[in-house]
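Counting from 30, one number per residue, gives the positions in the sequence shown under this note's numbering.
Among the hints, a few may not be true.
Claimed, not checked - Below, simulated SDA-like cross-link-like pairs (lysine to any residue); rule was C-alpha separation at most 25 angstroms, straight line: (1) Lys-163 with Pro-129; (2) Lys-163 with Phe-128; (3) Lys-163 with Val-144.
What the hints contain is simulated information worked out from the structure, not anything from laboratory work.
Quick caveat, the model's predicted, so the values are computed rather than measured.
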Amino acid sequence: MQSFQGGFLEEPGYLDYGAVGPISATVLAEERGLAEMVSHARYGSFTELLAQRERMQTAVAGLTGFRADQVVHQPNTSSGLMQAMFGLTGDVLLSAADFPSVPFAAVRAAEALHVVGPVWLETDHGRVTPGQIKAQLTPSVAAVAVCLVDSRTGYLADLEGIRQVIGDRLLIVDAIQGFGVVDAPLELADVVATGGQKWTRAGWGTGFLALSDHAVERLTPVFSGFTGTGLGLTWDEVVPPATDASAFQISDGDPVALARFSAALEELDAVGLDRVQAAVSDNVTRIIELADEFAVPVVSSRDTRERAGIVVLEPPAEQLTVLEASLSNHGVSVTSRGGRVRLSVHAALSDATVDMVRAAFTSYSTAAVY
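Start from the sequences and build out the full structure, keeping to the hints where you can.
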C-alpha cells in the first residue's frame, strides 16, 4: 500500500479523480517503455504489443470475477454502454439523472432501432435503490441499468440488492466512478462497462466491456467489426459475428493504451481492492470531518456502505461562489456543478492537500460570516 500511495505523482491540492485521474508512476513507466518499443520497431517487438489485449483481459478478470474470455477492450465507458444498449431488445429501466452516458445510449438505441425502450426510474434524490427498482419493474423490462457510483451524489449502488429484485433480467452497470476504488461484487452484473481514465489512473483510451454468458445470449452484437468474428482476419466475405463476448468489438485497441490499463490493474490486484477501498474511506472521512469543522454542508452519504470516493458539498446558494473561489484561490482542484461542489478523494491524501483544504474552508467560513 505504501508503494501504491507513493505512485501518485500529482501536485498537492488535487481532489478531482471523479473527473480525471492523473496517471500513476507505474502507468507512466509502462507508457514510456511501450512508446520506446513502438518508436524503434525492433525485430519482433510488435509481438509483445499484440499480446497486450490478452494481458488486459486477464487483469480485468482478476479484479471483476468475470472470465477473461468474457472481457473485450473498449476505448471508454460510453462505447461499452452503446454496445449493450444497441444490442438489447425490450425495455430498460434506468434513471434520467444518471451520468449522460447511460440515458444517451438508451435513447439513441431506441431512436435508431425501435426495439429497446427506456423506462425512466423515479429515484430517491438521484439515488437508485433496490426498493425503487422493485416498485417500478414491469413485465416489459428486460434490463436494468445503473451507475455503480452516482457522479453527482457519490451514492454507491447496492448491486446485491438490485440483483435480488430484478431476477433474470440483465443488470447493466456503468462502473466508471467506482472501478478501482470499490471492492464491489461486479460478477453479479451481466454487463459492466468502464474506462480507466478516472480512478484507475490509466489515462484516456482505456476501458473494457464485460459480458456474462446470459448477456451474450440476450444481446445482439450490432456494432461488430472485423475483429469480432472469432475467425481472425477474413477476406472477400463478411462472416457472422462470434458467439461469445468477442463479437462486441469493432477493431483492435491501441496496444499502448492496453498496456497502460493492464499495468494499472495489475498494481491494484497486487495491493488488493479491499485495502484500496479502506484507504479511500479513511480519507473521505477525513475530508468530511474537516468540512464539519468549518460548517460546510455535506450532502453525500456518511455511511461507509453507501459511498466510494466522492464527497459532495452544498453550501447555501448565495455562498456557492465564495466556496468555489476559496478552493480555487488555495489551489484545490474540484468539480463544481449544479450548485454543488464535488471533492473526489483517492487512497493517497497528503498532509499538504489537507492543509490546502483547511485553508480554503477557513477563507470560506470567514467570508460566509460577513
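Hints, verified against the model:
1. Lys-163 with Pro-129: OK: Lys-163 and Pro-129 at ~23 angstroms, within 25 angstroms.
2. Lys-163 with Phe-128: 21 angstroms, holds
3. Lys-163 with Val-144: Answer holds: Lys-163 to Val-144 is near 23 angstroms, not above 25 angstroms.
Consistency note: the structure conflicts with none of the earlier hints.
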